[in-house]
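**Student:** Below, each chain spelled out in residue letters.
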Amino acid sequence: WYQRRVREAVVSTQSTGSSGINAEYGEYIQKNLKLYEMIHGYKLTPNAAANFSRKVLAKALRSNPYQVNLLLGGVEDCGTPSLYFMDYLASMTKEKFAAHGYGSFFILSTMDRYYKDDMTRDEALDLLKLCIKEVQSRFIVNLNSFSVKFIGKEGITVLENIPGSGTVHKDVPREAIHPELISRA
Amino acid sequence: MSILEYNGASIVAMKGKNCVAIASDKRLGIRFQTVSTDFQKIFPMGKKLYIGLPGLATDVMTFANELKFHTNLYQLQENRELTPKTFLSMVSNFLYKRRFGPYFVEPVIAGLDPTTDEPFIASTDLIGCPMVTDDFVVSGTCWSSCTVCVRLCTSLTRAQMSCSSASPSVS
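Those sequence lines, one after another, are chains A and B.
When we follow the numbering used here, the leftmost residue of the first sequence carries the number 896, and every step to the right adds one.
When we follow the numbering used here, the leftmost residue of the second sequence carries the number 299, and every step to the right adds one.
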């Protein structure tokens, strides 16, 4: 999958086709938002950026569709955060938490249970680790590492990777895990 | 699963005495997974005119934006609000323009005439065939079960419903 840093937002896209397609889409959005800022002298709000992304997807849908699902998160200058979930068909909602892909079937349930409106950054990171643990436990594909980015008023901070192998289900014996996965954590 | 059932929606509108009521669910799903519980499907197109759009969510948003653009333009040019009957013709026209690559929405229109306050409800299919009714319209994934429920309500309350009884009936 593919991430593009787009002003004070991160557009994370996941493609069912070749990764060239979603790279093109991510870059197109990124450069157009930068262009808007250059022309008008101020940045687009996350809401406007999300609606712009939706418009690009919707326009292309009936001729040359982008096969990208995306999550667009951003923080306005005053500090209000927003998260937008967008399908490859360009259906968009503003959500408190969202997930794409097969993992979403597990993650959304975990988030439904543990998400609170007034979570601190550390609590949110703990919830994220819990979601990853859930995915490692239930999802058939083994994923060895997860990158984390935090978007706040000050901008985008890259946090350290969350390892996958250390979060395998507690009942899986250590001998069953491939040695290379253990050493990579 | 047909493309009209991909995101899921139910819209119902009822006519009462000097009033209309329109209601929708707020679920956005992707097949059987619920993604959002706060998705808007009824859009105001005038002070007393609403359109409910069930169907594919991307087309719901696109079509609502396009309609809002054209109703705003109409109001600026004509210096008056759209009547519901004219709005129905507008909706029908826009849908039929895409006859061979349609918007996957089946709109429900409910409103009062801006001058006479006469109630009006109608619905169209995805290619714009208009249907004006006297009692109720339903559209969306549960239209068959909705029709039964609503027919039950209308048989109980007849056509002389006031506003206060129309809303509980719709819900």
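Accuracy of the hints is not assured; some may be wrong.
Subject to a maximum C-alpha distance of 20 Å in a straight line, what follows is the list of computed DMTMM-like cross-link-like pairs (lysine to aspartate or glutamate) [what the hints assert, rightly or not]:
hint, chain 1, residue 1, chain 2, residue 2
1, B, Lys346, B, Asp411
2, A, Lys929, A, Glu919
3, A, Lys1048, A, Glu990
4, A, Lys954, A, Glu990
5, B, Lys315, B, Asp423
6, A, Lys989, B, Glu416
7, B, Lys324, A, Asp1007
8, A, Lys1011, B, Asp433
9, A, Lys989, B, Asp411
10, A, Lys950, B, Asp323
11, B, Lys383, B, Asp336
12, B, Lys315, B, Glu376
13, A, Lys991, A, Asp1017
14, B, Lys324, A, Glu990
15, B, Lys345, B, Asp423
16, A, Lys926, A, Asp1007
17, A, Lys991, B, Asp433
18, A, Lys954, B, Glu364
19, B, Lys383, B, Asp411
20, A, Lys1044, A, Glu1070
None of these hints come from the bench; they were simulated from the model.
**Student:** Give me the numbers of the hints this structure contradicts, sorted from smallest to largest.
**Tutor:** 4, 5, 6, 8, 9, 10, 11, 12, 15, 16, 17 and 20
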